[in-house]
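Engineer: Numbering of the sequence shown is given in full-length UniProt numbering, commencing with residue 1 and proceeding in unit increments.
Hint data in this document are derived by calculation from the structure and do not stem from the laboratory. Each hint should be verified, as a subset may be incorrect.
As the list claims (entries may be wrong) - Restricting the straight-line Cα-Cα distance to at most 20 Å, the calculated cross-link-like pairs of lysine to any residue (SDA-like) are:
(1) LYS48 / PRO7
(2) LYS48 / PRO10
(3) LYS48 / ARG17
(4) LYS48 / VAL76
(5) LYS48 / VAL69
(6) LYS48 / GLU25
(7) LYS48 / GLY33
(8) LYS48 / GLY64
(9) LYS48 / ALA38
(10) LYS48 / ALA2
(11) LYS48 / PHE59
(12) LYS48 / LEU8
(13) LYS48 / ILE13
(14) LYS48 / VAL62
(15) LYS48 / GLU34
(16) LYS48 / VAL63
(17) LYS48 / GLU29
(18) LYS48 / THR61
(19) LYS48 / ARG24
(20) LYS48 / GLY67
(21) LYS48 / ASP14
(22) LYS48 / ARG27
(23) LYS48 / ALA77
(24) LYS48 / GLY60
(25) LYS48 / GLY28
(26) LYS48 / ALA26
(27) LYS48 / THR9
(28) LYS48 / ARG30
(29) LYS48 / ALA66
(30) LYS48 / LEU32
(31) LYS48 / GLU37
(32) LYS48 / LEU3
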Amino acid sequence: MALVRNPLTPEQIDAGRRLGRFLREARGERSLGEVAEAAGISPETLRKIETGRLPSPAFGTVVGLAGAVAVDLDEVAAAWQGLVAASGAP
């Protein structure tokens with residue numbers, strides 16, 4: 001029996017875009033390759049997350065990225081939920 005993943009809702013897609021913007025800003029001046037390597041993912045995966053083309057990355061990927069850009073998972077979750085703007089301001 002094949003598992004079929006349900007399509008993401010518009011709200012989930014928007015949350016993924018917010019996550020991507022937040023992580024891109026948190027990366028600052030560091031190169032995409034440097035942060036991707038520190039997070040244990042490919043630069044292309046990070047590019048997709050930052051641009052919203054991968055709106056629902058695996059939890060382990062998000063944990064790795066949070067560590068690589070030195071932000072708390074609570075901040076990442078708040079960005080995903082739309083509780084803070086990309087700049088970190090509520």
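Engineer: Against this structure, judge whether each hint is valid.
Structural biologist: The hints, checked one at a time:
1. Taking the CA atoms of LYS48 and PRO7, the gap is near 17 Å; set against the 20 Å cutoff, the hint holds.
2. The straight-line distance between the Cα atoms of LYS48 and PRO10 is roughly 17 Å, inside the 20 Å bound, and the hint therefore holds.
3. Between the alpha carbons of LYS48 and ARG17 the distance comes to roughly 10 Å, so the proposed pair stays at or under 20 Å and holds.
4. Between LYS48 and VAL76 the alpha-carbon distance is near 17 Å, which keeps this suggested pair within the 20 Å criterion.
5. Of the pairs offered as hints, the one joining LYS48 and VAL69 holds, with about 17 Å between alpha carbons and a cut-off of 20 Å not exceeded.
6. For the hint pairing LYS48 with GLU25, the CA-to-CA distance comes to about 15 Å; that is within 20 Å, so the pair holds.
7. Between LYS48 and GLY33 the alpha-carbon distance is near 13 Å, which keeps this suggested pair within the 20 Å criterion.
8. Under the criterion of a C-alpha separation no larger than 20 Å, the hint pairing LYS48 with GLY64 is consistent with the structure, at around 15 Å.
9. Proximity of LYS48 to ALA38 is assessed by CA-CA distance (about 17 Å); at most 20 Å being required, the pair is judged to hold.
10. Simply put, LYS48 and ALA2 have alpha-carbon atoms about 26 Å apart, too far for the 20 Å limit, and the pair is violated.
11. A C-alpha spacing of about 15 Å is found between LYS48 and PHE59, which places the hinted pair at or below 20 Å, so the restraint holds.
12. For the hint linking LYS48 to LEU8, the alpha-carbon distance of about 16 Å falls within 20 Å, and the restraint holds.
13. Taking the CA atoms of LYS48 and ILE13, the gap is near 13 Å; set against the 20 Å cutoff, the hint holds.
14. A hinted pair counts as satisfied when its Cα atoms are at most 20 Å apart, and LYS48 with VAL62 qualifies at roughly 13 Å.
15. A threshold of 20 Å between alpha carbons decides the hint, and for LYS48 with GLU34 the separation of about 15 Å falls inside it, so the pair holds.
16. In summary, the hint linking LYS48 to VAL63 is supported, as the alpha carbons are separated by about 16 Å, within the 20 Å threshold.
17. The straight-line distance between the Cα atoms of LYS48 and GLU29 is roughly 18 Å, inside the 20 Å bound, and the hint therefore holds.
18. For the suggested pair LYS48 and THR61, the alpha carbons sit about 12 Å apart, so the restraint of at most 20 Å is met.
19. Among the hinted pairs, LYS48 with ARG24 is consistent with the structure: their alpha-carbon atoms are about 11 Å apart, no more than 20 Å.
20. Distance restraint check for LYS48 and GLY67: the Cα-Cα separation of roughly 18 Å lies within the 20 Å cut-off, and the hinted pair is therefore satisfied.
21. Restraint check for LYS48 and ASP14: satisfied, since their Cα atoms lie roughly 14 Å apart, inside the 20 Å limit.
22. As the CA atoms of LYS48 and ARG27 are separated by approximately 14 Å, the hinted pair is consistent with the 20 Å bound.
23. Pair hint LYS48 plus ALA77 holds up; C-alpha atoms about 18 Å apart against a cutoff of 20 Å.
24. Pair hint LYS48 plus GLY60 holds up; C-alpha atoms about 16 Å apart against a cutoff of 20 Å.
25. Our distance criterion of 20 Å between C-alpha atoms is met by LYS48 and GLY28, whose separation comes to about 17 Å.
26. Restraint check: the Cα-Cα separation between LYS48 and ALA26 comes to about 16 Å, which is no more than 20 Å; the hinted pair holds.
27. Of the supplied pair hints, the one linking LYS48 and THR9 holds, its CA atoms being roughly 18 Å apart against a limit of 20 Å.
28. Annotation: proposed proximity of LYS48 to ARG30 holds, straight-line Cα distance about 17 Å (limit 20 Å).
29. Pair hint LYS48 plus ALA66 holds up; C-alpha atoms about 16 Å apart against a cutoff of 20 Å.
30. Among the hinted pairs, LYS48 with LEU32 is consistent with the structure: their alpha-carbon atoms are about 11 Å apart, no more than 20 Å.
31. Straight-line distance between C-alpha atoms of LYS48 and GLU37 comes to about 15 Å, which keeps the hinted pair within the 20 Å bound.
32. Between the alpha carbons of LYS48 and LEU3 the distance comes to roughly 24 Å, so the proposed pair goes past 20 Å and is violated.
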